[in-house]
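S.K.: Below, each chain spelled out in residue letters.
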Amino acid sequence: MRYCTRWDEGPATTLGMSLLRLGICQPSDWSGSAVDFVERGFNRFCRQNGAAEAKRVWVGELRIADSLFELTEQERNQIEAEREGATQQLFLTADYEAAASIPIGATLRRLEADDKLLPAAFYRVFFANLYKWMRVYDYVDAQEHAEMWMEDLDEEELQASIYRKVEMEIPSCIQKYAPRMDKKARRLLQEIKPAAPLTRQLIRQVLEMDAHGLGHEHAWPGHLTEKDVPGISDWLMDAESSRPGCLITWHENDAINACFDEDAQHMGENGPCQPNVVLPIRLERPLRKLDEEVRRVFDHAGAMLQSLASAAKVVETIRELYDEYLREHRLQPGLPVEPGASRVRNE
Amino acid sequence: MPYKKTRDYSPDEKFQEVMSALREAKPATATVRDPIMEQLKQCPDAFKVGEILGKVFDSLKYGQDEILADRLLPPAGTVIPPLA
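For the record, the sequence lines run as chains A and B. Take 1 as the starting number for the first sequence in the working numbering and just add one per residue. Take 348 as the starting number for the second sequence in the working numbering and just add one per residue.
Treat the hints with care, since some could be wrong.
[Said to hold, decoys possible] 20 Å max Cα-Cα, derived EDC-like pairs, lysine to aspartate or glutamate:
hint, chain 1, residue 1, chain 2, residue 2
1, A, 132, A, 53
2, B, 373, A, 291
3, B, 373, A, 151
4, A, 183, A, 208
5, A, 176, A, 75
6, A, 165, A, 151
7, A, 313, A, 208
8, B, 361, A, 36
9, B, 402, A, 75
10, B, 373, A, 39
11, A, 132, A, 61
12, B, 361, A, 29
13, B, 373, A, 284
14, B, 373, A, 36
15, B, 361, A, 39
16, A, 132, A, 293
[What the hints assert, rightly or not] Simulated restraints on C-beta separations:
hint, chain 1, residue 1, chain 2, residue 2, range
17, B, 405, A, 238, 15 to 25 Å
18, A, 72, B, 399, 15 to 25 Å
19, B, 405, A, 233, 25 to 35 Å
20, A, 215, B, 400, 53 to 63 Å
21, A, 228, B, 367, 24 to 34 Å
22, B, 367, A, 211, 11 to 21 Å
23, A, 265, B, 405, 25 to 35 Å
24, B, 405, A, 181, 54 to 64 Å
25, B, 367, A, 285, 14 to 24 Å
26, A, 285, B, 361, 35 to 45 Å
27, B, 367, A, 267, 40 to 50 Å
28, B, 405, A, 287, 53 to 63 Å
Source of the hints: derived by calculation from the structure; they are not laboratory data. Here the structure is a predicted model, which is why all the values come from computation and not from measurement. From the three backbone atoms N, C-alpha and C, an ideal C-beta is built for every residue, glycine too.
Next up, chain A with everything else stripped away, as it sits in the complex:
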């Protein structure tokens, strides 16, 4: 809960009763304030679902709020003053303050050494799960960015441009063997029995991550209808795309990274960025329906946290392999052993 005003107690009592019925809040959470009651239950729920583990890699917040976007105190006071009665809607939103850097090239090479089909299958399952909880910036986004900018370049500029490298740097193991379906990629990972313990560990971790997210789809704000949230169409028209929660590069400071840096400079310039995940909770519904909705929202949040906790383990292994690769393949004397400066990786 980011705000706690006299207006918050009303919706918090309704949500609190539902959370108590569902066992997410416990009687011992009660301290006399409904907001505090919900917050205690919500914090415990996040802890139980791996928030601390997820936090090792993902910098962001999962919150319950009555607004889809950040409001100044003045804007909030104005909205509350104009509103008739207490709000009848809350939102569970997820957003990321930074894109986690995932330099996956060295890992793909390691997987390829065990089986030529492994890298693309691994990438597909890893990407598909992350994409359920966040906007993922990878080589496809970089390709789109590069294509747009290359249109205006002449031949000479094109030769010198970083944009050409986006296409050139895509590893052949991804280009040649990319499975078209998540299901096929998952089956491949389950069937291939690699010899290397590290490869087996990576596959186990990514399958664990995938299992947590099964049955869930990305709850983009764009999925909301006017019936869910009146005025959502206008808001979406004015808002920009969500900020990416991660950046998958082949190696740090490659062409994908360069495109991301260019894109990131303009993110949020023309309006607020949409949250990565939005799940509405309609408080005016009959008790049973309300509890079902709250259960569905918290199931989604739980699956997200568990997936991101597993994903954090995968990302940490990917980073270790990348650091190892850097140490072994230092190309220039004086190049730092640790990865270079990157605004997205908090080394």
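For this one, chain A is given, so just place chain B on it according to the hints.
M.R.: Okay, now just chain B, sitting in the frame of chain A:
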């Protein structure tokens, strides 16, 4: 000497207690009114003056002119006596 028999506090009882505390809190918060706003609404002239002053302070507080705001707004926590 018999032990003092204490009544077990069942989890169900605690559950019901918290549920009714939340139930009671709900109508109380739904009808909550800002007492100052209520008084001002009963006296439209004062409400108008207050509204104008509110806008002035809001523009000073949230506007760009921070130096002016520092000069006019009292320090946080200052108790201002009512106007004579």
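S.K.: Determine for every hint whether it applies to the structure shown.
M.R.: Here is what the structure says about each hint:
1. For the suggested pair residue 132(A) and residue 53(A), the alpha carbons sit about 18 Å apart, so the restraint of at most 20 Å is met.
2. Pair hint residue 373(B) plus residue 291(A) holds up; C-alpha atoms about 17 Å apart against a cutoff of 20 Å.
3. With a C-alpha separation of about 60 Å, the suggested pairing of residue 373(B) with residue 151(A) is violated against the 20 Å cut-off.
4. Simply put, residue 183(A) and residue 208(A) have alpha-carbon atoms about 15 Å apart, close enough for the 20 Å limit, and the pair holds.
5. A hinted pair counts as satisfied when its Cα atoms are at most 20 Å apart, and residue 176(A) with residue 75(A) does not qualify at roughly 52 Å.
6. Our distance criterion of 20 Å between C-alpha atoms is met by residue 165(A) and residue 151(A), whose separation comes to about 15 Å.
7. Distance check on the hinted pair: residue 313(A) and residue 208(A) sit about 10 Å apart at the alpha-carbon level, within 20 Å; holds.
8. The suggested pairing of residue 361(B) with residue 36(A) holds, with an alpha-carbon distance near 17 Å, which does not exceed 20 Å.
9. For the hint linking residue 402(B) to residue 75(A), the alpha-carbon distance of about 13 Å falls within 20 Å, and the restraint holds.
10. Taken as a hint, the residue 373(B) and residue 39(A) pair is honoured in the structure, with Cα atoms around 17 Å apart against an allowance of 20 Å.
11. Annotation: proposed proximity of residue 132(A) to residue 61(A) holds, straight-line Cα distance about 16 Å (limit 20 Å).
12. Distance hint between residue 361(B) and residue 29(A) is fulfilled; the C-alpha atoms sit about 11 Å from each other, no more than 20 Å.
13. Straight-line distance between C-alpha atoms of residue 373(B) and residue 284(A) comes to about 13 Å, which keeps the hinted pair within the 20 Å bound.
14. Proximity of residue 373(B) to residue 36(A) is assessed by CA-CA distance (about 14 Å); at most 20 Å being required, the pair is judged to hold.
15. Between residue 361(B) and residue 39(A) the alpha-carbon distance is near 19 Å, which keeps this suggested pair within the 20 Å criterion.
16. The straight-line distance between the Cα atoms of residue 132(A) and residue 293(A) is roughly 19 Å, inside the 20 Å bound, and the hint therefore holds.
17. Checked against the hint of 15 to 25 Å, the C-beta distance between residue 405(B) and residue 238(A) comes to roughly 23 Å, which is consistent with it.
18. A C-beta distance of roughly 21 Å is found between residue 72(A) and residue 399(B), which places it inside the suggested range of 15 to 25 Å.
19. Checked against the hint of 25 to 35 Å, the C-beta distance between residue 405(B) and residue 233(A) comes to roughly 30 Å, which is consistent with it.
20. Residue 215(A) and residue 400(B) have their C-beta atoms about 56 Å apart, which keeps the hinted 53 to 63 Å range intact.
21. In this structure, residue 228(A) and residue 367(B) meet the distance hint of 24 to 34 Å, their C-beta atoms being roughly 32 Å apart.
22. The hinted window of 11 to 21 Å between residue 367(B) and residue 211(A) is violated, with their beta carbons roughly 40 Å apart.
23. A hinted range of 25 to 35 Å for the beta carbons of residue 265(A) and residue 405(B) is consistent with their spacing of about 33 Å.
24. Between residue 405(B) and residue 181(A), the C-beta spacing of about 56 Å keeps the proposed range 54 to 64 Å intact.
25. Hint check: residue 367(B) to residue 285(A), Cβ distance near 21 Å, so the stated range 14 to 24 Å holds.
26. Restraint check, residue 285(A) to residue 361(B): a C-beta distance of roughly 26 Å breaks the suggested window 35 to 45 Å.
27. As the Cβ distance of residue 367(B) to residue 267(A) is approximately 48 Å, the hint placing it in 40 to 50 Å holds.
28. A beta carbon spacing of about 40 Å between residue 405(B) and residue 287(A) contradicts the range 53 to 63 Å that was offered as a hint.
In the structure shown, a violation is registered for the earlier hints numbered 3, 5, 22, 26 and 28, in ascending order.
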